[in-house]
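Protein chains: 2
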Amino acid sequence: MVKVDEFSNSGLLHVQAANWMREKVYSHEWAPDEQIPTEHELMDILQMSRGTVRRAIQALVDENLLTQIRGKGTFVTKTVFTHPTGSTLISFAESLKSQGVDFSTKVVLHEVVPADKLIAAKLFVPVGTPTLKMNRVRSVDGKPILYIESLINLSLFPGLENVNFDTETLFATIERMFGKKIGHSNARYAARVAGERARYLDVPEQSPVLHLEQQIFLTDNSSAEWSNVWLSANNYVVGTVLQRV
Amino acid sequence: MVKVDEFSNSGLLHVQAANWMREKVYSHEWAPDEQIPTEHELMDILQMSRGTVRRAIQALVDENLLTQIRGKGTFVTKTVFTHPTGSTLISFAESLKSQGVDFSTKVVLHEVVPADKLIAAKLFVPVGTPTLKMNRVRSVDGKPILYIESLINLSLFPGLENVNFDTETLFATIERMFGKKIGHSNARYAARVAGERARYLDVPEQSPVLHLEQQIFLTDNSSAEWSNVWLSANNYVVGTVLQRV
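Protein chains in written order, with our numbering: chain A, 1 to 245; chain B, 1 to 245.
Hints in this document: simulated from the structure, not taken from any laboratory.
Among these hints, one or two may not hold up.
What the hints assert, rightly or not - To give an idea of the interface, some chain B residues facing chain A are shown, with a C-beta separation under 7 angstroms as derived from the structure:
| # | residue |
| --- | --- |
| 1 | 19 |
| 2 | 23 |
| 3 | 24 |
| 4 | 28 |
| 5 | 32 |
| 6 | 109 |
| 7 | 112 |
| 8 | 114 |
| 9 | 189 |
| 10 | 191 |
| 11 | 192 |
| 12 | 209 |
As the list claims (entries may be wrong) - Part of the chain B face toward chain A, derived, beta carbon under 7 angstroms:
| # | residue |
| --- | --- |
| 13 | 22 |
| 14 | 196 |
| 15 | 210 |
| 16 | 233 |
All values derive from a computational prediction rather than experimental measurement.
Ideal Cβ positions, reconstructed from N, Cα and C, are used throughout, including at glycine.
Let the sequences and hints guide you as you build the complete structure.
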């Protein structure tokens, strides 16, 4: 049985149970890929009803901290993909490929729009510059893991709007088809609530997601792309190795 | 008035209102530091009651996307702190100082423990090695922005447990007081639900937080620290500039 002081102050039992289980995962006491106690065992440990335990487990499944496998039980989700940063600039497509992961891409929005004030400021181009507004969902084993909202400076890549990005990737298209060299990126990471993007990542609206806002520049410092990337929580982590000076 | 198809499928009105407002912020239509429409204006725009509008605003205040200033109105929260990664390894204390930000630190847990299996594996030391388990809350203007859980390999720094970390920072202590050189870090970022850590960051338990798990090595590759850092969402972003090859 759990000592009372292990519980937080939250009044609701299922929230207390979820907090207790989340703590087991965050503290690594329940390790990735490990099977957690059964519902019956949890009912015993927590002295709570089956309904309460189930509701708490569902909350952690929604956060992607736990994974239920039919006929096997409930397991701590193991993070599958790591996107390296802190070394050199590679795209998500490239980092997935380098990890030997097969992915599929679905273009869910694709339209040529003149840059409004915001887009112009983010892309460092005059208002009215033609841009490709393209949103893509990238999935592994049918499960969406990335939602990418791109705005691409078409004045650098005339005709890029005719490329089929269900099958082509952006960096490869820019470098191989247009012969341009990608130079550097400027990126910011933050934790967010999924909200409307939840529908593309197939997660509940209240789920935490990792948000990456990124500007991509060519070697001549012209601005190629402004993108907002939303990464399904705990499915994707961003890894980095940094040297001290 | 808002067109119906701008709303998501969520049934609850206050959730629909929160989604609509979150979208305004995520899309930059409501820019950082900008005042959002008044409650009355939102009631008109959304054709919803004051109670519903207030509940939606509160949800976004809880996510730290909006900030209410008494007597002035509601504003889009501007992210204040950026922690650089992708260049060289600097600590959060160092990045705050380099941005000219005054912070205070409160040690909330401080105990010497022998490394258990998990700590031993994370610090690459034998089980039983003395470690300092120290949790710190770092605040700016009285507002907590970082919660740092450290496990420090005391076999490298005998006596470090006697340092007052309410006033000293870890990297400076290691480098100046112990004359050791910090070499590199290995870090992973993920978006999480705050859960129990909410109490230290003074946010609701369901808030998204940025979680950084980090291992710090000396120049001789000995392992100095394993830390888990929790960053208050939208208060703190991690920024990076990366070069292509």
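Status of the hints after comparison with the structure:
Restraint check, residue 19 of chain B versus chain A: the minimum CB separation of about 5 angstroms is within 7 angstroms; hint holds. The beta carbon of residue 23 of chain B comes within 5 angstroms of a beta carbon in chain A, closer than 7 angstroms, and the hint placing it at the interface holds. Using the Cβ-Cβ criterion of 7 angstroms, the hint placing residue 24 of chain B at the interface with chain A is not satisfied: the shortest such distance is roughly 11 angstroms. Below 7 angstroms, beta-carbon pairs count as interface contacts, and residue 28 of chain B has one with chain A at about 5 angstroms; its hint therefore holds.
At its closest, the beta carbon of residue 32 of chain B sits 12 angstroms from a beta carbon of chain A; the interface hint therefore is violated under the 7 angstroms criterion. Checking residue 109 of chain B against chain A: minimum C-beta separation of about 13 angstroms lies over 7 angstroms; hint violated. Because the smallest distance between the Cβ of residue 112 of chain B and any Cβ of chain A comes to about 19 angstroms, over 7 angstroms, the interface hint for this residue is violated. With 7 angstroms as the threshold, the beta carbon of residue 114 of chain B stays out of range of chain A, its nearest partner Cβ sitting at about 17 angstroms, so the hint is violated.
Taking 7 angstroms as the C-beta cut-off, the interface hint given for residue 189 of chain B holds, the closest approach to chain A being about 4 angstroms. Evaluation of the residue 191 of chain B hint against chain A yields a held restraint, the C-beta minimum of about 4 angstroms falling below 7 angstroms. For residue 192 of chain B, the suggested interface contact is upheld, since its CB lies about 6 angstroms from the closest CB of chain A, less than 7 angstroms. Satisfaction of the interface hint for residue 209 of chain B is found here, the shortest Cβ-Cβ separation to chain A being roughly 5 angstroms, below the 7 angstroms cut-off.
This hint holds: residue 22 of chain B has a C-beta 4 angstroms from the nearest C-beta of chain A, less than the 7 angstroms allowed. Because the closest C-beta pair between residue 196 of chain B and chain A is about 5 angstroms apart, less than 7 angstroms, the hint holds. Hint status for residue 210 of chain B relative to chain A: holds, with the closest Cβ pair at about 4 angstroms, below 7 angstroms. Checking residue 233 of chain B against chain A: minimum C-beta separation of about 4 angstroms stays under 7 angstroms; hint holds.
Checked against the numbered hints given earlier, the structure breaks hints 3, 5, 6, 7, 8 and satisfies all the rest.
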